[in-house]
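Chemist: What follows is each chain in one-letter form.
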Amino acid sequence: MQAFFNITKGDRFIWIIVIALTLISMLAVYSSTGSLAFKYQEGNTEYYLIKHFGIFAFGLLLMYFAHLVNYKFYSKISLLLLLISLPLLLITLFFGVEINDARRWLTIPIVNMSFQTSDLAKLALIMYMARVLSKRQEKIKDFWKGFIPVMIPPVLTCAFIAPSNLSTAAILFATCLLLMFIGRVSMKYIFITLGGGVLVLTFIILIALCTPFKARVYTWQHRVENFANDPNGSYQVQQAKIAIAQGGVFGKGPGNSTQRNFLPSPYADFIFSIIIEEYGLFGGFVILLIYILFLLRCIKLFVKCPGAFGAFLAVGLSFALVIQAMINMAVVTNLLPVTGVTLPLVSMGGTSLWFTSLAIGIILSVSRFVEQNEKVETTEEAS
Amino acid sequence: MGIKRDIYWRIAIAFIAMVIFAIIILWKIFQIQYVEGDRWRAMADSLTTRYIAIDADRGNIYSSDNRLLATSLPTFEIRFDSKTKGLEEEYFNVTVGKLADSLAWLFRDRTSENYRSELIDARKNSEGYHLLKREISYTQLQRLKNFPIFRDGQYKGGLIVKQKNKRTYPFKVLANRTIGYVRDNGTKPVGLEAQFNDYLNGTKGKRLMQKVSGGNWMPVNDDEGLAPKNGKDIITTIDVAIQDVAEHALLKTLLKNKANHGCVIVMDVKTGAIKAIANLGIDKKDSTYKELYNYAIGEAHEPGSTFKLASMLALFEDGYKKLTDTINTEHGHKLYGKQVMKDAEEHGESRVTVKKCFAISSNVGISSMIYQSYVNNPDKFLKHLRDLQLDQVVGIEIPGEQRPYIKNVKDKFWSGVSLPWMSVGYELNITPLRLLTLYNAVANNGVMMKPYIVHLIQEYGQPTKEFIPIVLNPKICSDATLLSLKEILNEVVISGTAHNLFNPYYSVAGKTGTAQITNVGGGYKDKVYQSSFYGYFPADAPQYSIAIVINAPSTGVYYGSAVAGPVFKEIADNIFSTNLDMHPSIEKDTTSYNVTLPIVKTGFSSDLKYLVNNLRIPFANVEEGTWLQQVVNKKKVELISSNKIVIAGVVPDVKGMGLRDAIYLLESSGLQVKVDGKGVVKNQSLPAGTKILKGAFITITLNT
Chain A
1 MQAFFNITKG
11 DRFIWIIVIA
21 LTLISMLAVY
31 SSTGSLAFKY
41 QEGNTEYYLI
51 KHFGIFAFGL
61 LLMYFAHLVN
71 YKFYSKISLL
81 LLLISLPLLL
91 ITLFFGVEIN
101 DARRWLTIPI
111 VNMSFQTSDL
121 AKLALIMYMA
131 RVLSKRQEKI
141 KDFWKGFIPV
151 MIPPVLTCAF
161 IAPSNLSTAA
171 ILFATCLLLM
181 FIGRVSMKYI
191 FITLGGGVLV
201 LTFIILIALC
211 TPFKARVYTW
221 QHRVENFAND
231 PNGSYQVQQA
241 KIAIAQGGVF
251 GKGPGNSTQR
261 NFLPSPYADF
271 IFSIIIEEYG
281 LFGGFVILLI
291 YILFLLRCIK
301 LFVKCPGAFG
311 AFLAVGLSFA
321 LVIQAMINMA
331 VVTNLLPVTG
341 VTLPLVSMGG
351 TSLWFTSLAI
361 GIILSVSRFV
371 EQNEKVETTE
381 EAS
Chain B
1 MGIKRDIYWR
11 IAIAFIAMVI
21 FAIIILWKIF
31 QIQYVEGDRW
41 RAMADSLTTR
51 YIAIDADRGN
61 IYSSDNRLLA
71 TSLPTFEIRF
81 DSKTKGLEEE
91 YFNVTVGKLA
101 DSLAWLFRDR
111 TSENYRSELI
121 DARKNSEGYH
131 LLKREISYTQ
141 LQRLKNFPIF
151 RDGQYKGGLI
161 VKQKNKRTYP
171 FKVLANRTIG
181 YVRDNGTKPV
191 GLEAQFNDYL
201 NGTKGKRLMQ
211 KVSGGNWMPV
221 NDDEGLAPKN
231 GKDIITTIDV
241 AIQDVAEHAL
251 LKTLLKNKAN
261 HGCVIVMDVK
271 TGAIKAIANL
281 GIDKKDSTYK
291 ELYNYAIGEA
301 HEPGSTFKLA
311 SMLALFEDGY
321 KKLTDTINTE
331 HGHKLYGKQV
341 MKDAEEHGES
351 RVTVKKCFAI
361 SSNVGISSMI
371 YQSYVNNPDK
381 FLKHLRDLQL
391 DQVVGIEIPG
401 EQRPYIKNVK
411 DKFWSGVSLP
421 WMSVGYELNI
431 TPLRLLTLYN
441 AVANNGVMMK
451 PYIVHLIQEY
461 GQPTKEFIPI
471 VLNPKICSDA
481 TLLSLKEILN
491 EVVISGTAHN
501 LFNPYYSVAG
511 KTGTAQITNV
521 GGGYKDKVYQ
531 SSFYGYFPAD
541 APQYSIAIVI
551 NAPSTGVYYG
561 SAVAGPVFKE
571 IADNIFSTNL
581 DMHPSIEKDT
591 TSYNVTLPIV
601 KTGFSSDLKY
611 LVNNLRIPFA
621 NVEEGTWLQQ
631 VVNKKKVELI
641 SSNKIVIAGV
651 VPDVKGMGLR
661 DAIYLLESSG
671 LQVKVDGKGV
681 VKNQSLPAGT
691 KILKGAFITI
701 TLNT
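Sequence order for the protein chains is A and B. Taking the numbering used here, I'd label the letters of the first sequence as residues 1 to 383. Taking the numbering used here, I'd label the letters of the second sequence as residues 1 to 704.
In short, the hints are calculated from the structure, not lab data. Since we're looking at a predicted model, the values are computed, not measured. Relax, there's no trap hidden among the hints.
Chain B regions said to be covered by chain A (calculated; three or more residues, Cβ under 8 Å):
1. 4-12
2. 26-33
If you want the ones that stay clear, here's a sample from chain A, every Cβ over 10 Å from chain B, calculated:
3. F4
4. L23
5. I24
6. L27
7. L49
8. I50
9. A66
10. S75
11. V97
12. I148
13. L156
14. A159
15. S167
16. V198
17. S265
18. Q372
Glycine included, C-beta positions come from ideal geometry on N, C-alpha and C.
Work out the full structure, taking the sequences as your base and the hints as a guide.
Modeler: Structure representation (structure tokens):
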């Protein structure tokens, strides 16, 4: 452990949280991929565990390198990334890999790997928001000089994401509104943005109905109607609830889930229900606590961070991550309609895990700077 | 700093919002677990675990010699899950042709192209449960599991196999109406399968199963649950060999005489056990004969002349007639009121003995005797019939036995001619099985046995219920009457209507019947007859009684002897030829003969002794030795030691030996043998006693 902390810098607490989530994820994924293994790997249940571990290892590597980079560098490339991600979103929308009527994935030509462009856009957008909010802090209450540059990027990005992935767009948009609120954008403007967002969304739906995106509209409609009309929820939600109900206080114990056999893709969006089934209410509480503590540590960075960009970066990324986590858990517990958002760092998944890792790496980069800064201050005070 | 403070409280608000969010989630988990918990958990139980019925194996039906008449074999239904996730498009497209080839090769019912398009269509239409083939055998399934695509199993290859137990009858149509069937489709169950359904069925087991990965069900607990109780086995009295002969003989006669239907019953005289019961009727659809109905027990009809046995029993028993009394047969023509009684076969006789009257089956003669004797008290005659239980069912285990109809004097259909007509087997209905019981009783020295077809009920090879022969009537008549009855039945074959059954090998007793068939509306059809023969054999020590009834032969031949007789003969011949204990034993031959003693070849001691011992050749072992040879002696074979004991390194003397011994001795001493001629060794190219050169050739010359 000490050797690990010798090579890593930044907040040890955040590192511990990452490791903890990784371990929980390993256990939950191993347990819940059983039927998948029986279907495709002839019962070789280790297959998915090893695959998942490989993905995690690469994610940790990404995190490690990201945290070694000076966080100010992220300010510089954020605009570039945003400028890249916006056209990529458009390309995806029209030429991406189609899965379940939605084009969310883009294949990188040479390495032949697919990734969700919205993951990249999300990271780029929040980095850019941190940059804009920090730079324009002095004139933030000004409509043209403060508000407009802050408002344009999220509206555009989310508008591009929305047709294929409305829930991600909505969550991202909400996160940006929260960041605006934190970044002292006046409430009046925030409500205007919100209104604008709703307008754009209506516009998108109207356009979508006349285009091949029509099917997506029906999917949204269906999901929302399901949620509103059926108090028990869809099949997936019912199975998740059965899993939760069977968990009790301390759960059935690792690997003893039975609902994994009934819940479709239990290793993905609904992994939280398997965790509760196996580890109980207590397990669910621990997961929630971990995310809250993570948020708290990142807020602490904000307080300590001398530069406004770093502070906004840490808070922005951490809120984005925790909001996603909360929404995922709210879906599993049927507080919100089914969205398709994963539980960050826990759900099995490829590239989106790496973007999450990158985000945490960036936060750690900020914390590394904060720590160095503290050392300098203490030495200065001592001298 | 104002800005930073401003931001601090904003973050604080956002953070608290997140904490509240987390608390709401936690509260919701709590609610699902404790407020709605019972409901969800109940749902879980109904989903994950289930009591699954385990089918019990249906019992088998065996013949008396333990051959399977009915059994259940597993068959398999093959379905194709064309949308299974593991089956990749490219692989399917490339391999579907090979799979189609294999299927066409295995089943040989359709072309490969046919199968190919079926599979492709199924996939195009995303059929998840496409039926490919029903009722394939286990061996076929094993082959199929190695075919391309299917060898990848259910998830990658889309192969779905469902097992079903199919009732099979190894002897196909043999006695299949009697064995019967129980079908799921609502058809009325028939035969032993129906009657013993409760025994054969067994009870279904129940087992708590849980759904596990791969869509399989796994028992929750090894020892929990109710094990299925397999059905019991039924051992019948049916003898497959006799049944087979009966069925074939019946079919042959039906075909030859273009009859409508017929039946045969073969009964064991001593016990009443039914050894064979064959029923064949013409199937109008394809004009072939099939087991459509159990006529033997389900069709009561007017028996005609075969019923005369009962009339004779009454006459003898009441002392009205003796064998030697004479009776006027009036040339086969007599009026009862306005009704004419005719003899079926013309005989030209007028005054005959009672014995002859029965043998030539004179309706006039027998009806006259009965009429004379019982006209003032018909019920006295009817009481005999009732005492013989001819008006009752025998209670055979096969469902559907028809009740005979023997009317009494108070019956509204009773008329002045009822008595004479009943005496010759009309105006009454009786099943072949019921009437055979009477013939069997005569054969069995007056003891009437209850016919039965199920001998034993077994469970897991252990008998659980045994059916012992039941006596219906321990003495149907006096001994004197019985003797007379046997004599008149013998006479039928010796000089009467069934003379064609007379043979020098075994004696037959019985009675022919040639009855006119009634129309549905009453009255008799012109020239439509029912030909029958009831009898037993060997007449002097009866073992089997047989009834044969052939309905509506249509080639102009209709006499019982000509139509039903050959069936009896074929069955009796067959039983007789395969039962050595029926043959009269050949007297032990005590005469002595002068025979020349055989010449015994020189050979191995124990072999020679075994030979002469078993052939009862008188011999004396004068001298012991490994190898023995014969000394010429006229009275007996004297065996002395041969000097040809093998001495290492020296050529043995094989003269006088058979080829087998000679070659054994020579080759085992290292020589290579060339053989010339056959019989006993007369000459050997290397003299005995010379030293052996390894691998040297020796030629032996044999001669008889």
